[in-house]
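Protein chains in written order, with the numbering used here: chain Z, 1 to 273; chain L, 1 to 323; chain V, 1 to 320.
These are calculated hints, taken from the structure and not from any lab test. Please read all numbers here as calculations on a predicted model, not as lab measurements. The C-beta atom is built at its ideal place from N, Cα and C for all residues, glycine as well.
Capping the alpha-carbon separation at 35 Å, the derived lysine-lysine pairs in DSBU-like fashion look like this:
#1 L:203 x V:215
#2 V:231 x L:139
#3 L:176 x V:215
#4 V:215 x V:235
Just so you have them, the derived chain V footprint on chain L, three or more residues with Cβ under 8 Å:
#5 87-94
#6 118-130
What follows is the residue order along each chain.
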Amino acid sequence: MASGVVLLLLIATVALGPFIWPVAINDIDFAAKLQGPSWAHPLGTDDLGQDLLARLIYGGRISLAVGLAAMVVAVVVGVVVGALAGMSAGWVDAALMWLTDLFLALPLLPLLLLLMYLFRDHFKRLFGVEGGAFILIVVVIGGLRWMQVARLVRAQFLSLREKEFVEAARALGASKLRLVVGHILPNALGPVIVAGTIDVAAAIIAESTLSFLGLGFPSDIPTWGSVLRDAKDYLDIAPHWALFPGAAIFLAVITINFMGDGLRDALDPRRVL
Amino acid sequence: MAEPLLDIRGLKTWFKTDDGMVRAVDGVDLHIDRGETLGVVGESGCGKTVTARSVLKLIDMPPGRFEAGQILWQGRDLIPLDDAEMNKIRAREIAIIFQEPMTSLNPVYTVGDQIAEVIELHQKLSRKQAMVGAADMLKLVNIPNPERRVHDYPHQFSGGMRQRVMIAMALSCQPKLLIADEPTTALDVTIQAQILELMQEMKERFGMAIMLITHAMGVVAETTQRVVVMYAGKVVEEASVEALFGDPRHPYTQGLIRSIPRVDRSAGRQARLESIPGTVPSLLDPPPGCRFAARCRYVMPACTQAIPPLKEVAPGHKVACIL
Amino acid sequence: MSRQYVIRKILIMIPSLLGISLVLFTVLAMAPGDPFEELATNPAVPPEVRAALRAKFGLDDPVWTRYLHWLAAMLQGDWGFSFVSRMDVDKLILQRLPVTLIVIGSSQIIAILVALPVGVLAATRPYSLFDQVANTLAFVGFSLPTFFTGLLFILVFSIQLDWLPFVYRANIDATGWQFYWEHIKQSIMPVMVLGLFQGASLVRFVRSSVLDVIKLDYVTTARSKGIGERKVITKHVVRNALIPVVTLVALQLPIVFGGAIVTEQIFRVPGIGSLLISAMLANDTPVVMAVTFVIACLVVFFNLLADIIYGWLDPRISYR
Chain Z
1 MASGVVLLLL IATVALGPFI WPVAINDIDF AAKLQGPSWA HPLGTDDLGQ
51 DLLARLIYGG RISLAVGLAA MVVAVVVGVV VGALAGMSAG WVDAALMWLT
101 DLFLALPLLP LLLLLMYLFR DHFKRLFGVE GGAFILIVVV IGGLRWMQVA
151 RLVRAQFLSL REKEFVEAAR ALGASKLRLV VGHILPNALG PVIVAGTIDV
201 AAAIIAESTL SFLGLGFPSD IPTWGSVLRD AKDYLDIAPH WALFPGAAIF
251 LAVITINFMG DGLRDALDPR RVL
Chain L
1 MAEPLLDIRG LKTWFKTDDG MVRAVDGVDL HIDRGETLGV VGESGCGKTV
51 TARSVLKLID MPPGRFEAGQ ILWQGRDLIP LDDAEMNKIR AREIAIIFQE
101 PMTSLNPVYT VGDQIAEVIE LHQKLSRKQA MVGAADMLKL VNIPNPERRV
151 HDYPHQFSGG MRQRVMIAMA LSCQPKLLIA DEPTTALDVT IQAQILELMQ
201 EMKERFGMAI MLITHAMGVV AETTQRVVVM YAGKVVEEAS VEALFGDPRH
251 PYTQGLIRSI PRVDRSAGRQ ARLESIPGTV PSLLDPPPGC RFAARCRYVM
301 PACTQAIPPL KEVAPGHKVA CIL
Chain V
1 MSRQYVIRKI LIMIPSLLGI SLVLFTVLAM APGDPFEELA TNPAVPPEVR
51 AALRAKFGLD DPVWTRYLHW LAAMLQGDWG FSFVSRMDVD KLILQRLPVT
101 LIVIGSSQII AILVALPVGV LAATRPYSLF DQVANTLAFV GFSLPTFFTG
151 LLFILVFSIQ LDWLPFVYRA NIDATGWQFY WEHIKQSIMP VMVLGLFQGA
201 SLVRFVRSSV LDVIKLDYVT TARSKGIGER KVITKHVVRN ALIPVVTLVA
251 LQLPIVFGGA IVTEQIFRVP GIGSLLISAM LANDTPVVMA VTFVIACLVV
301 FFNLLADIIY GWLDPRISYR
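Start from the sequences and build out the full structure, keeping to the hints where you can.
Here is the structure:
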């Protein structure tokens, strides 16, 4: 419960922050560089004297938006793949599950990095610096995290397909699509919501990791990861610079994970994996 | 009369749950003499299994706890004993076999390993000697090729064979009492007879006592000398087999006996199989008075007032009923 | 364990490896533009080398033949030439691989050494104070991203306490015990960061698995033998509880390698992870492709290892 409150506070800060703290993210002030927390700069400044609070609010919007959008991509792909596999059985099912297992065995981060590396410039050209990075990151993270959802949905299909109410609906002449949308998907919802929640946290970590390694958002767009990347060389003289974005990531991730855990206990006491 | 081997007095084993205290065993008295076979019968959930496991203190605590009573093993109360002292009694003096032979053996060790473990511990033998002992035990329970099969894993045995392995394991230290908790319930009918026969044979060989827990009245009639009938955590009747089947006093016992299918009735009349209406009451908040009252055909107002005590109605025949 | 089981598991590796190579190649082929485009503007690359490369990778052939050519070249160990490091890619990787394997291996050992006793102890006393503390710490542990833990470790142990060096040096000018001590000292932080992260999720796996096993019938059987609670747990519960844990650990392997890349980058450990990042930042495509492929192969290989451990733990599997 406490985690829900903290998460809501975090979201509110990030969403409403710019109205309460209307400081530009790129006001350079060399006179005030690398300062610790003060009234003028509650979270201190970086090496260019830019205000960290403003940058972290801005970065939080990006990180949370990436997390949510990537989760949506993952869930959509996962539900489609899982539903197709669960419905069709036979070789289609086998092939889709082989693909799912293959994706599960792929090393996620190297592949993420590889895709970012190969496609970054192209997307920048197509959608602009920020938009390109955003779309690419969301698609890539979501496109590599759908497997869990696909498995859950398929497992639900297999177990629910035989249950009486589905039999009854089938006997009443419901079409296949209607069965899926009306009967099976709502039942698969619980575990998928749990997996989706945890996916948000994982996507936030993935985005921060990419930005931290210099292959996500460019450092002139402050995300929690890219701020941390800039800060890591000043750990000895300006530890606050690294601590605040790190703490922000940690708080977001742990509260979302806690919520996922709570949801799992609430929705599904006998875990399906 | 000589001191009984095992004497359970007023045992109460309760379980704490989210909904309240479940009185699984609520004041049980029973005893077993040396070398005898005692049958403990009753429907599922009447506390037979909890009673059996209480004797070896195999109850998880918490949530379970001994609320009252004594478990006298050769005159010594087991309830205050700690785990180390209990471990000297487990397997060596009292052994137990369970209902599910498919799940009561550890799947990742060979059966030889699991039998030898007991022998090694209690008879202070080397592993090698213990393995020889394990093979001997397998031979004793009529498992073919015992020297080879000690190296097999449980999944390579059938259900009946696994129960034989369990018996071999239980008997490997020649205990004075074997508690058999529904040993044949999970098995095919033909196998059931074989296992019961084997237990009989082993009993004659080692002279141990057996506490046979079952819900099958037929099994009781065939294999035991004395019977305790349990209902909703309490003993309702205790008698010799002859007395119990010839002159059942408690309405519940009568119901149990009527529910046995019979084929020896006169040919023209169709044998009618009777069942006892209703179900066992919740042990969470048991009703005051006789717990069978709600299902009893002879129920009268006094039945719901107080719990009838176990009274001796004939030598060795006790009943908890006001009738 | 039967030999057939191991052989079958090895054979199953082949389609996985082919699948991974296919995915990697697809990614490469789908990439916009010419992956060797930048070589055209790089004055350090002579035109004939570029032409040779284009011919070798058959950039003008149909996709299918290009894949087979590429695969054949990878299989022969012909992984191309790094223009940044000015050496063959396979040699470069072989140089960096041992460090990565040591870091990952020792962090896994740390993770198991921490997680196994903690998880088992927590499960045998469910909802006790110890269980709650362990659970909370585990939750915090796997919610902390490795790059942040790494920076925190540097901040505390290098900058504040000045106990450990935060930059990994490949050549230490010391001999004898001093040499090994320096090596251990500079490995402590990367190994701990990775090990504790992995250990945190492992604790939860072990705990829930032990909780599942501990209520099974054969555990009661073991207790009825009078062998003592400690031996019941260590002999009869732990081995069975580890069976599902091994599967989960295998599923976690890709994450471990991801963590290794980050950790190597933070502490500048000269392994293949930091090689991957620096190659990406320097647009060194042959190295990028090769390292990604090697990491993917390592994941498959460790999965094989997990399968073999699984078969060893569970006789029902390997006898089938």
